[in-house]
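Assemble the whole structure, with the sequences as input and the hints as a guide.
So the protein sequences, as listed, match chains A and B.
The end of the first sequence is residue 452 by numbering that gives the first Met the number 0, with every number in the run present.
The end of the second sequence is residue 452 by numbering that gives the first Met the number 0, with every number in the run present.
No lab work stands behind these hints: they were computed from the structure.
Since we're looking at a predicted model, the values are computed, not measured.
For each residue, glycine too, the CB sits at the ideal point set by N, CA and C.
Do not rely on the hints blindly, as some may be mistaken.
Unchecked claim - Listed below are several chain B residues computed to face chain A (Cβ distance under 7 Å; list not exhaustive):
hint: 1; residue: S176
hint: 2; residue: Q190
hint: 3; residue: F262
hint: 4; residue: C360
Unchecked claim - Covered by chain B, according to a simulated footprint, are these stretches of chain A (three or more residues, beta-carbon under 8 Å):
hint: 5; segment: 175-184
hint: 6; segment: 247-260
hint: 7; segment: 266-275
hint: 8; segment: 296-306
hint: 9; segment: 414-420
To be verified - Residues from chain B that keep clear of chain A, each with C-beta distances beyond 10 Å, as calculated:
hint: 10; residue: H40
hint: 11; residue: E72
hint: 12; residue: H171
hint: 13; residue: G229
hint: 14; residue: G264
hint: 15; residue: L397
Here's the letter readout for the chains.
Number of protein chains: 2
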Amino acid sequence: MTYLPDETHDPHLRSWIASANGPATDFPVQNLPLSIFKPLHSTAAPRIGVAIGDQILDLYACGKTGLLQGLPEPLQQACSTSTLNALMGLGEGASHALRHRLSQLLQINTTLPRDELQILVSMAESEMLLPATIGDYTDFYASIFHATNVGKLFRPNNPLLPNYKHLPIAYHGRASSLTISGTSIHLPLGQQQPADEGAMPGFDPSQRLDYEMEVGLFVGQGNELGMPIGIGQAESHLFGLCLVNDWSARDIQAWEYQPLGPFLGKSFATSLSPWVVTTEALVPFRCPAYGRADDDPTPLPYLSSLQNTEHGGIEITVEVWMSSARMRKEAIAPIRLSQANFAQMYWTAAQMITHHTSNGCNLRPGDLLASGTVSGPEVGAQGSLLEITQQGRSPIELPSGETRTFLTDGDEVILRGYCEKAGYTRIGFGDCRGQIIGQGIVEGRSGQQSPTS
Amino acid sequence: MTYLPDETHDPHLRSWIASANGPATDFPVQNLPLSIFKPLHSTAAPRIGVAIGDQILDLYACGKTGLLQGLPEPLQQACSTSTLNALMGLGEGASHALRHRLSQLLQINTTLPRDELQILVSMAESEMLLPATIGDYTDFYASIFHATNVGKLFRPNNPLLPNYKHLPIAYHGRASSLTISGTSIHLPLGQQQPADEGAMPGFDPSQRLDYEMEVGLFVGQGNELGMPIGIGQAESHLFGLCLVNDWSARDIQAWEYQPLGPFLGKSFATSLSPWVVTTEALVPFRCPAYGRADDDPTPLPYLSSLQNTEHGGIEITVEVWMSSARMRKEAIAPIRLSQANFAQMYWTAAQMITHHTSNGCNLRPGDLLASGTVSGPEVGAQGSLLEITQQGRSPIELPSGETRTFLTDGDEVILRGYCEKAGYTRIGFGDCRGQIIGQGIVEGRSGQQSPTS
Numbered sequence: 000m001t002y003l004p005d006e007t008h009d010p011h012l013r014s015w016i017a018s019a020n021g022p023a024t025d026f027p028v029q030n031l032p033l034s035i036f037k038p039l040h041s042t043a044a045p046r047i048g049v050a051i052g053d054q055i056l057d058l059y060a061c062g063k064t065g066l067l068q069g070l071p072e073p074l075q076q077a078c079s080t081s082t083l084n085a086l087m088g089l090g091e092g093a094s095h096a097l098r099h100r101l102s103q104l105l106q107i108n109t110t111l112p113r114d115e116l117q118i119l120v121s122m123a124e125s126e127m128l129l130p131a132t133i134g135d136y137t138d139f140y141a142s143i144f145h146a147t148n149v150g151k152l153f154r155p156n157n158p159l160l161p162n163y164k165h166l167p168i169a170y171h172g173r174a175s176s177l178t179i180s181g182t183s184i185h186l187p188l189g190q191q192q193p194a195d196e197g198a199m200p201g202f203d204p205s206q207r208l209d210y211e212m213e214v215g216l217f218v219g220q221g222n223e224l225g226m227p228i229g230i231g232q233a234e235s236h237l238f239g240l241c242l243v244n245d246w247s248a249r250d251i252q253a254w255e256y257q258p259l260g261p262f263l264g265k266s267f268a269t270s271l272s273p274w275v276v277t278t279e280a281l282v283p284f285r286c287p288a289y290g291r292a293d294d295d296p297t298p299l300p301y302l303s304s305l306q307n308t309e310h311g312g313i314e315i316t317v318e319v320w321m322s323s324a325r326m327r328k329e330a331i332a333p334i335r336l337s338q339a340n341f342a343q344m345y346w347t348a349a350q351m352i353t354h355h356t357s358n359g360c361n362l363r364p365g366d367l368l369a370s371g372t373v374s375g376p377e378v379g380a381q382g383s384l385l386e387i388t389q390q391g392r393s394p395i396e397l398p399s400g401e402t403r404t405f406l407t408d409g410d411e412v413i414l415r416g417y418c419e420k421a422g423y424t425r426i427g428f429g430d431c432r433g434q435i436i437g438q439g440i441v442e443g444r445s446g447q448q449s450p451t452s
Numbered sequence: 000m001t002y003l004p005d006e007t008h009d010p011h012l013r014s015w016i017a018s019a020n021g022p023a024t025d026f027p028v029q030n031l032p033l034s035i036f037k038p039l040h041s042t043a044a045p046r047i048g049v050a051i052g053d054q055i056l057d058l059y060a061c062g063k064t065g066l067l068q069g070l071p072e073p074l075q076q077a078c079s080t081s082t083l084n085a086l087m088g089l090g091e092g093a094s095h096a097l098r099h100r101l102s103q104l105l106q107i108n109t110t111l112p113r114d115e116l117q118i119l120v121s122m123a124e125s126e127m128l129l130p131a132t133i134g135d136y137t138d139f140y141a142s143i144f145h146a147t148n149v150g151k152l153f154r155p156n157n158p159l160l161p162n163y164k165h166l167p168i169a170y171h172g173r174a175s176s177l178t179i180s181g182t183s184i185h186l187p188l189g190q191q192q193p194a195d196e197g198a199m200p201g202f203d204p205s206q207r208l209d210y211e212m213e214v215g216l217f218v219g220q221g222n223e224l225g226m227p228i229g230i231g232q233a234e235s236h237l238f239g240l241c242l243v244n245d246w247s248a249r250d251i252q253a254w255e256y257q258p259l260g261p262f263l264g265k266s267f268a269t270s271l272s273p274w275v276v277t278t279e280a281l282v283p284f285r286c287p288a289y290g291r292a293d294d295d296p297t298p299l300p301y302l303s304s305l306q307n308t309e310h311g312g313i314e315i316t317v318e319v320w321m322s323s324a325r326m327r328k329e330a331i332a333p334i335r336l337s338q339a340n341f342a343q344m345y346w347t348a349a350q351m352i353t354h355h356t357s358n359g360c361n362l363r364p365g366d367l368l369a370s371g372t373v374s375g376p377e378v379g380a381q382g383s384l385l386e387i388t389q390q391g392r393s394p395i396e397l398p399s400g401e402t403r404t405f406l407t408d409g410d411e412v413i414l415r416g417y418c419e420k421a422g423y424t425r426i427g428f429g430d431c432r433g434q435i436i437g438q439g440i441v442e443g444r445s446g447q448q449s450p451t452s
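Put into structure tokens, the structure is as follows:
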């Protein structure tokens, strides 16, 4: 892993695809995020695509027309599959070689017989799928601001538990209900705490449906069972990042979670933004790890390295926007509810990977580690409604005159993320959208396919 | 789902494979459990096998030689794959048809050109693999005796939390580190609670490595995201059962688990017995659901049905046996540490499936639900060392003169399970074995393959 920008990050690079050159696009030629797509109404197999402006470069078509020639054979083969898992498993060298080839192919000074090749598909004419078959999904709790905000609601005098500053807390999430941006979210039913001890719990649609604004980390090369990944090697196992909305039913969670943690309060759905922004694309936006307070404990040696301290952070602004059904009907634009920076996480991506494998647990290519809710110390930097409304005690007002404590039928939540830095081209993650629908059957695309389908 | 035994359960049935007819075998012709195997030293693809005495019936070979002709085409195709997922996904009708065909093929009065067909492989000459690609692994906590025993250690006056009798508590487990019986278990490293508040935690090999004796439930047909499975349909989504050793590092778990539940204390390894005993094979051993106390709450309507009350239980005796390195060196047989019955679980398999999907969470064919530690009220019926040794306060004595509070390097743990009932042939699950090895690289077979491999 290098932290030095190279020629693919040059802000002067422009693409022959005009829509990639404007200041507003998330996908300039300096970004080159990867995902899986298929043309709408097509019966062709899904394939790997690269976002460029408002277009998708079709890597399967590129391979067929010889544009990937000269790349290592396993890399060429990985580019013709229907998930990113094989590419992820090839490791850093392959990612690096692919990025440089893609940058060359898409630069304005490249001469290609473009009209004949049919290597581009319009995003508007495409359906996005989950970028990988995700074997396991782990959710961390890495923002000390979020942990403190939530802790204060339950333990005002003692918000942070004693383990928090020593290890990155996490739990296993549900992989089957990971869904791609745009999938509607079914308001979940669930048991809710009885009003009085001894009374029967209710079983009703959640009254406290929340979003959680998170960053997702896709594992590249995995590790064998019993072989921990040291902190010095952890970054080389990180393929790329996306946005994650870890929908949470607070009432279901509150009643079920003792003593074994969240279960049905989370497992009804988790939304992912489709594009995986590679760690290579993020090089210009690396920064020191979060600066701990002087009286905070130093992490144990297995979680510490100079490299991690100096470069372990990534400056990504993440935001949550929301519109109600009424706002959309009255043509009122979505409003921003949250804005925070991933660089303010108490634990780095490398520390999450190293801790996760420290007991010998194996990670596999395509596994997803989510950061936990990204919150910051500033007003407006709280990444969940639980924090913003103080558990529902302080409703927010919408421009339509409505109020909200938690989400309700018809609400749409949009996560956005981007990196900006003087001297570099802004890159973005694309939207992660989900609209709440009332009880009944989920419409739109469903969750992960079966492992063998 | 029917609860009536049929001709495949007839205790008078005998097989032309002599080893299937003795009283000691786990695998008489009335059992017919399924798994994935490959002949030792073979480069052939893994295939589906049926345990019969000390032999394995090779379903791929059966298909090739026409022995599955007449069965539905999708079922024949599923029988020629390398995991049980496709077969599991076909549902009850396919399981029923396959069981009846297998019973016919293996009965003593069946005439087959056996020597020519090469449809049998000796178990001794085979390697067993995980029976399915397990997309998600969920671990329940369904024994009220276990929950009470563990609760007493931490809250002597209030061992059971208020939610316990209202819903089957569970958490998401780690799928990547599920391993097949016989895989060595690496003593995990991990952070451990500091002796004094303010002191630094240790990072050492676990001193409190435990087993947990559980029953695993394999999901058959799945459900779509947003489509709960009602209690009346739950049994039809259950394909079969196995034994699970949910290894637990109690010291790692104690320090990390607040507030989000178990993580690294569990994710280093979970061992499965290879053979999946189908729900069809278990029909003669069905029994009423656990009899709740008169002052226990009635489960909410979504978790209740007359069928579940009358037939929701399954009588399976589960046992844990153990030997130390010294015992094996001195040729001392393993000793039994635990023996309990799955029928004593507070929550039934159907209730676990229905609760799991009640929020719309989707289950996929091959998903694994484990029951949680099976403990009973009797002396000797505690399914973990945590309970038996009272958190290490009461060591057990081994016949070699050694003592144990928790497991150590060289110890081998063996789970066994079987069903016995007057008028029916005893069926068994086969062993689930795991030996603890010191720190270093895990030897033997590793965990689940990558989703795409």
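Status of each hint after checking the structure:
Interface hint status for S176/B: upheld, as the beta-carbon distance to the closest one in chain A is roughly 5 Å, under 7 Å. Nearest Cβ of chain A to the Cβ of Q190/B: about 5 Å, under the 7 Å cut. The hint holds. Of the supplied interface hints, the one on F262/B holds, with its beta-carbon coming within about 5 Å of a beta-carbon of chain A, less than 7 Å. Interface restraint check for C360/B: the shortest CB-CB distance to chain A comes to about 4 Å, inside 7 Å, so the restraint holds.
Restraint check on the segment 175-184 of chain A versus chain B: 3 residues with Cβ-Cβ distances below 8 Å, three needed, restraint holds. Coverage of the segment 247-260 of chain A by chain B holds [criterion: at least 3 residues with CB-CB distance below 8 Å; count 9]. Closer than 8 Å: that is the beta-carbon criterion, and the segment 266-275 of chain A has 3 residues meeting it against chain B, so the requirement of 3 holds. Requiring three or more residues with a Cβ within less than 8 Å of a Cβ of chain B, the coverage given for the segment 296-306 of chain A holds, as 4 such residues are present.
Coverage of the segment 414-420 of chain A by chain B is violated in this model, with 0 residues showing a Cβ closer than 8 Å to a Cβ of that chain against a need of three. Taking the minimum C-beta to C-beta distance to chain A, about 22 Å, the non-interface status of H40/B holds against the 10 Å cut. Against chain A, the non-interface label of E72/B holds: every CB pair exceeds 10 Å, the least being about 17 Å. Interface exclusion of H171/B from chain A breaks down, the closest Cβ pair being 4 Å apart, not more than 10 Å.
At roughly 12 Å, the least C-beta separation between G229/B and chain A is larger than 10 Å, which holds for a residue marked as non-interface. Not every Cβ of chain A is farther than 10 Å from the Cβ of G264/B; the closest lies at roughly 8 Å, contradicting the non-interface assignment. Residue placement check: L397/B keeps its beta carbon more than 10 Å from all beta carbons of chain A (closest about 26 Å).
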